[in-house]
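K.L.:
Each chain, letter by letter, is given below.
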Amino acid sequence: MYNLGEFEQLVLLAIVHLGDNTYGVPIVEEIERRTGRATSPAAVYVTLRRMEQKGLVSSQMSEPTPERGGKARRCVRVTRTGLNALRGAREAMDQMWKGVDPKLRGIR
Amino acid sequence: MNPIRPPRLARWILERALPRDVREDVAGDLQEGFTDTANTRGPAQARRWYWRRAVSFSARFLAERARDLSPRRLLSAFSLMDFKLGLRMLVRYPGLALVGVFGIAVGVAIAAGAYGILNTFTNPAIPLDEGARVAAIQNVNVELRRPERRIGHDLSDWRAQVKSLVDVGGFRHTGRNLVVAGVQPEVLRIAEMSASGFRIGRTAPILGRYLVEDDERPAAPPVVVLGEDLWRNRFGSDPHIVGRAIHLGAVAHTVVGIMPASFRFPVDDRAWIPLKLDPSRYDRGAGPALQAFGRLAPGATYGSAQAELAALGQRAAVEHPKTHAHLRPSVLPYTFPFFDIDDPQMLWLVRLVQYLLALLLVIVCINVAILVYARTATRHAEIAVRAALGASRRRIVAQLFVEALVLSAIASFAGVLLTSFGLSQVNGAMRVAFSEMLPFWWTFSVSPGMVVYVAVLAVIAAAIIGAVPALKATGKRVQTGLQAISAGGGSGMQLGRTWTTLIVVQVAFAVALLPAAVYHAWDAMQLGTRDAGFPAQEYLIAQVAMDRVPAAGAADPSEAAYAARYGDRYVELVRRLQQEPAVAEVTSTLDTPGQEPSVFVEVEGRAVPDKPADYSVGAGSRMGYLSRFTRVDEDFFRVFQMPLLTGRGFGAGDAGASAHAVVANRTFVDWVLGGGDAVGRRVRFVGRGGDTRADQMELNRWYEIVGVVQDFPIAGPDDKRRRPTLYGAVTAGRTYPLMLVIRVRGSTSDAFAGRVRDVSAGLDPNLQLRGVSSLDAILSRDQELLRLVALGLAIVTACVVALSAAGIYALMSFTVSRRRKEIGIRAALGADPAQILKSIFARAATQLAIGAATGMALALLLDLAMEGEMLNGTAAVVLPIVALMMMLVGLGAAFIPARRGLAVQPTEALREP
Numbered sequence: 000m001y002n003l004g005e006f007e008q009l010v011l012l013a014i015v016h017l018g019d020n021t022y023g024v025p026i027v028e029e030i031e032r033r034t035g036r037a038t039s040p041a042a043v044y045v046t047l048r049r050m051e052q053k054g055l056v057s058s059q060m061s062e063p064t065p066e067r068g069g070k071a072r073r074c075v076r077v078t079r080t081g082l083n084a085l086r087g088a089r090e091a092m093d094q095m096w097k098g099v100d101p102k103l104r105g106i107r
Numbered sequence: 000m001n002p003i004r005p006p007r008l009a010r011w012i013l014e015r016a017l018p019r020d021v022r023e024d025v026a027g028d029l030q031e032g033f034t035d036t037a038n039t040r041g042p043a044q045a046r047r048w049y050w051r052r053a054v055s056f057s058a059r060f061l062a063e064r065a066r067d068l069s070p071r072r073l074l075s076a077f078s079l080m081d082f083k084l085g086l087r088m089l090v091r092y093p094g095l096a097l098v099g100v101f102g103i104a105v106g107v108a109i110a111a112g113a114y115g116i117l118n119t120f121t122n123p124a125i126p127l128d129e130g131a132r133v134a135a136i137q138n139v140n141v142e143l144r145r146p147e148r149r150i151g152h153d154l155s156d157w158r159a160q161v162k163s164l165v166d167v168g169g170f171r172h173t174g175r176n177l178v179v180a181g182v183q184p185e186v187l188r189i190a191e192m193s194a195s196g197f198r199i200g201r202t203a204p205i206l207g208r209y210l211v212e213d214d215e216r217p218a219a220p221p222v223v224v225l226g227e228d229l230w231r232n233r234f235g236s237d238p239h240i241v242g243r244a245i246h247l248g249a250v251a252h253t254v255v256g257i258m259p260a261s262f263r264f265p266v267d268d269r270a271w272i273p274l275k276l277d278p279s280r281y282d283r284g285a286g287p288a289l290q291a292f293g294r295l296a297p298g299a300t301y302g303s304a305q306a307e308l309a310a311l312g313q314r315a316a317v318e319h320p321k322t323h324a325h326l327r328p329s330v331l332p333y334t335f336p337f338f339d340i341d342d343p344q345m346l347w348l349v350r351l352v353q354y355l356l357a358l359l360l361v362i363v364c365i366n367v368a369i370l371v372y373a374r375t376a377t378r379h380a381e382i383a384v385r386a387a388l389g390a391s392r393r394r395i396v397a398q399l400f401v402e403a404l405v406l407s408a409i410a411s412f413a414g415v416l417l418t419s420f421g422l423s424q425v426n427g428a429m430r431v432a433f434s435e436m437l438p439f440w441w442t443f444s445v446s447p448g449m450v451v452y453v454a455v456l457a458v459i460a461a462a463i464i465g466a467v468p469a470l471k472a473t474g475k476r477v478q479t480g481l482q483a484i485s486a487g488g489g490s491g492m493q494l495g496r497t498w499t500t501l502i503v504v505q506v507a508f509a510v511a512l513l514p515a516a517v518y519h520a521w522d523a524m525q526l527g528t529r530d531a532g533f534p535a536q537e538y539l540i541a542q543v544a545m546d547r548v549p550a551a552g553a554a555d556p557s558e559a560a561y562a563a564r565y566g567d568r569y570v571e572l573v574r575r576l577q578q579e580p581a582v583a584e585v586t587s588t589l590d591t592p593g594q595e596p597s598v599f600v601e602v603e604g605r606a607v608p609d610k611p612a613d614y615s616v617g618a619g620s621r622m623g624y625l626s627r628f629t630r631v632d633e634d635f636f637r638v639f640q641m642p643l644l645t646g647r648g649f650g651a652g653d654a655g656a657s658a659h660a661v662v663a664n665r666t667f668v669d670w671v672l673g674g675g676d677a678v679g680r681r682v683r684f685v686g687r688g689g690d691t692r693a694d695q696m697e698l699n700r701w702y703e704i705v706g707v708v709q710d711f712p713i714a715g716p717d718d719k720r721r722r723p724t725l726y727g728a729v730t731a732g733r734t735y736p737l738m739l740v741i742r743v744r745g746s747t748s749d750a751f752a753g754r755v756r757d758v759s760a761g762l763d764p765n766l767q768l769r770g771v772s773s774l775d776a777i778l779s780r781d782q783e784l785l786r787l788v789a790l791g792l793a794i795v796t797a798c799v800v801a802l803s804a805a806g807i808y809a810l811m812s813f814t815v816s817r818r819r820k821e822i823g824i825r826a827a828l829g830a831d832p833a834q835i836l837k838s839i840f841a842r843a844a845t846q847l848a849i850g851a852a853t854g855m856a857l858a859l860l861l862d863l864a865m866e867g868e869m870l871n872g873t874a875a876v877v878l879p880i881v882a883l884m885m886m887l888v889g890l891g892a893a894f895i896p897a898r899r900g901l902a903v904q905p906t907e908a909l910r911e912p
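Residue numbers (numbering that gives the first Met the number 0), protein chains in the order written: chain H, 0 to 107; chain S, 0 to 912.
It should be emphasised that the hints constitute simulated quantities derived from the structure, not laboratory data.
For glycine and all other residues, C-beta sits at the position ideal for the given N, C-alpha and C.
Incorrect hints may appear among the rest.
Said to hold, decoys possible - Residues on chain H that point at chain S, a partial pick, calculated with CB under 8 angstroms:
| hint | residue |
| --- | --- |
| 1 | 23 |
| 2 | 70 |
| 3 | 73 |
Stated by the list, open to error - Covered, in the sense of this in silico footprint (three residues per stretch, anywhere, with C-beta under 8 angstroms from a C-beta of chain S), are these stretches of chain H:
| hint | region |
| --- | --- |
| 4 | 38-47 |
| 5 | 54-68 |
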């Protein structure tokens with residue numbers, strides 16, 4: 000199974016939250032809204048392209064519109080592979096977090 | 000109302016940076032974002048927003064694309080078949096292969112040679128253990144901008160006080176006669192060196208021991224350490240040599256050790272005696288000229304050593320302002336001062352030269368690229384078919400790149416061989432010219448670093464000659480190529496204005512630069528092969544010096560006593576030589592005839608030249624007419640058969656300190672005095688060149704010309720060897736050291752050299768004969784260097800001619816062959832063949848003529864800028880010849896395809912792609 004990076008997880012989770020057929024701009028906004036971190040749109044687009052090459056997301060082009068200068072929009076959705084990867088990442092994290100809280104309190 | 004659009008430049012950048020697969024949607028999203036921003040925050044803000052996004056997206060995706068170019072992905076584009084195809088292409092186009100390989104090989108050889116030489120010069124590490132930590136210590140006179148060498152006192156201070164440097168010591172060189180029973184005495188160059196120099200080398204002796212501090216005591220018995228070469232050649236590798244005494248001049252030295260041949264520190268030495276430094280015998284700023292060295296202490300850096308020395312220097316400047324106010328100690332890698340590198344900027348300059356020479360290869364490659372492009376154009380149909388069958392652009396470009404790589408790799412290999420040969424020639428010439436003055440690490444050879452450098456150059460060359468034409472040939476038009484072929488259209492590669500410009504530039508460069516190269520190569524070859532003009536083999540010359548070590552029993556160590564003793568010995572040596580039956584005549588001079596040093600002269604009643612002479616003027620001097628000056632005895636002109644043209648030669652009273660007679664040669668009268676009667680005219684020296692002996696000429700004192708002699712060697716009015724020269728008088732035995740000239744009866748003087756050494760040794764073992772050689776040998780050594788220069792220039796010129804001619808040929812024949820179809824149709828429609836040919840030639844001739852005219856103008860401008868040095872007045876003959884030659888090549892190149900075009904059947908012409 001593919002090991003996801005932290006940013007990849009954020010992007011995939013944003014798509015899951017937004018539902019299928021979302022695209023770059025809302026994904027950036029969703030990540031910023033939920034994490035409170037400033038996010039580079041370019042980084043999101045690059046990550047989307049990379050994840051599509053790996054089969055974690057799939058995309059389809061919409062009809063071109065005049066507001067977009069006659070250009071089509073790329074709508075993305077998470078593939079089964081992507082969802083499995085997300086679940087795997089979460090499980091790994093859960094395992095790692097198990098029993099950590101009391102210790103963290105002790106350190107504090 | 001026009002909708003607001005994002006900034007055009009930002010859009011353009013973005014489009015080029017984005018990968019094709021995401022170009023549309025990213026641009027669309029940004030356009031949408033731009034429109035929203037413009038509606039909510041206004042157009043100015045929107046434009047700023049768009050620029051920020053465009054830059055950020057471009058940078059991210061460019062980085063992403065660079066990541067895609069991983070070596071593995073790149074390699075996957077190549078196949079072994081490409082290399083085989085590359086070799087096959089070389090065989091199929093032998094002309095292109097030959098010209099390409101030759102041109103690139105010469106370019107690579109020049110670039111690699113420069114790399115080898117400059118890297119050797121600038122390498123901070125001397126080839127010893129931890130060589131980069133061996134340092135030179137200098138006391139730089141900031142006013143004269145040169146190191147002060149009389150550092151006896153400073154060296155003692157540094158040795159005692161500096162903590163960042165260990166094994167601090169000094170050295171100087173001296174010459175002594177090595178006197179071995181039964182063998183002719185030989186002048187030996189000896190390093191007088193501190194014992195710490197041996198510790199710096201970290202090299203164990205083969206036999207015995209090296210020098211130790213105890214040997215440096217003034218009262219210590221004289222000892223010597225010999226190098227392995229010397230031990231083998233002069234003492235037959237005698238295993239019992241340690242403990243034996245050998246005579247250096249009149250003084251017996253005990254051999255205490257033999258060092259291996261690999262140890263030649265400090266410069267290129269094979270014999271060492273201890274440096275007996277005794278600063279109490281002289282003042283600060285006085286004493287012998289020395290060079291200092293040391294090794295960085297463990298943990299110390301050049302920075303920390305420099306800081307410590309600078310502090311010492313400041314203290315010395317305060318304590319001894321008279322001698323040390325202008326001195327700044329500096330510590331730098333040991334090898335640097337030998338190439339006059341005294342600050343890091345010098346290193347940058349050297350690197351710049353290196354890269355400029357590598358640029359030469361780029362120019363060559365552009366030429367080859369033109370040829371390759373013409374060939375690629377003829378393969379357009381093949382490329383289009385491959386593209387149609389599914390070959391990606393990357394795959395096609397990779398194939399054409401590999402074809403070029405095969406060519407450039409073969410050429411680079413040839414270039415490295417050429418470099419290896421050239422460097423061995425340079426090594427030989429430098430050893431002959433400088434002998435033991437040359438640092439032992441200055442040996443140029445092909446190094447692993449150089450091979451890597453050449454490999455990089457080969458790839459760059461392949462990129463220029465293969466990839467660039469390939470990218471152009473597989474551009475947008477490749478898609479239309481197949482349609483064009485199927486429709487029976489043209490090749491699809493449009494050349495138009497670019498092609499015309501290339502032809503014009505190619506011809507212009509050839510015409511502008513070739514004449515000068517041809518002229519200088521021819522000039523060097525003429526000088527390198529011409530006869531001396533006098534029986535040079537009959538003259539034997541040697542510089543006569545004498546050890547400063549007083550002979551046993553000589554009480555007076557002063558300079559005057561030394562001078563008197565030298566004078567006595569010299570006069571006696573001349574007397575004894577004159578009695579030899581083989582000797583015809585003996586004369587004396589200061590310098591080797593023909594190699595007199597330069598001076599600047601002012602002539603009474605004649606304006607000083609307004610143009611500075613092409614020579615650097617020594618400190619404290621000013622400009623005047625450039626001339627040469629030496630002193631000769633009264634027999635010199637007779638011995639060299641230089642007839643007196645007017646006035647008188649030197650007499651008995653001309654050599655004293657108050658004498659003011661000089662003799663001029665004919666060229667001095669012609670060039671400096673402007674002709675006329677020279678006798679009685681007065682001249683004075685106003686400046687001197689770097690190698691002129693300051694004690695032999697008094698500046699700003701008027702001298703009178705008493706006679707005029709023929710030039711030496713006898714030169715015609717157009718002879719390149721003509722040099723204005725002034726002679727002063729010298730009396731044998733009154734000046735030292737002097738150059739002894741012996742004219743030997745019979746044919747060769749070389750055979751007599753041994754006898755001269757014997758006579759000298761018999762007279763006084765402290766007398767040294769340095770550089771005993773026939774004048775013939777000296778001249779041929781110089782000529783060899785000139786021939787080497789001529790050969791180098793000839794190779795480069797041939798390379799330029801071949802490349803230019805091939806380039807012009809390829810350009811012309813390609814342009815005309817592209818018009819074959821048009822020619823065929825016109826012929827089919829009944830056009831007059833002569834008319835068609837005329838139209839083709841008119842266009843070709845116009846292009847060539849523009850190129851030739853531009854080139855001639857460029858050559859004249861360059862010649863003007865170099866004050867006629869480039870063409871030396873030959874412009875009127877050489878320029879039109881070269882221009883005509885290049886035009887003939889171009890027209891010839893146009894003629895062959897034009898004739899073929901006329902011979903083509905109209906149906907055939909219509910069918911061909």
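K.L.:
For the hint on residue 23(H), does the least C-beta distance to chain S fall short of 8 angstroms?
P.N.:
5 angstroms, holds
K.L.:
Are three or more residues of the region 38-47 of chain H within 8 angstroms, CB to CB, of chain S?
P.N.:
holds (count 6)
K.L.:
Let me know if the C-beta of residue 70(H) comes in closer than 8 angstroms to any C-beta of chain S, holds or violated.
P.N.:
Since the shortest Cβ distance to chain S is 3 angstroms, the answer is holds.
K.L.:
At a Cβ distance under 8 angstroms, does chain S reach at least three residues of the region 54-68 of chain H?
P.N.:
holds (count 5)
K.L.:
Can residue 73(H) be said to touch chain S, with a Cβ gap under 8 angstroms?
P.N.:
For residue 73(H), the interface hint holds, since the closest Cβ of chain S sits about 4 angstroms away, which is under 8 angstroms.
Checked against the numbered hints above, the structure breaks none of them.
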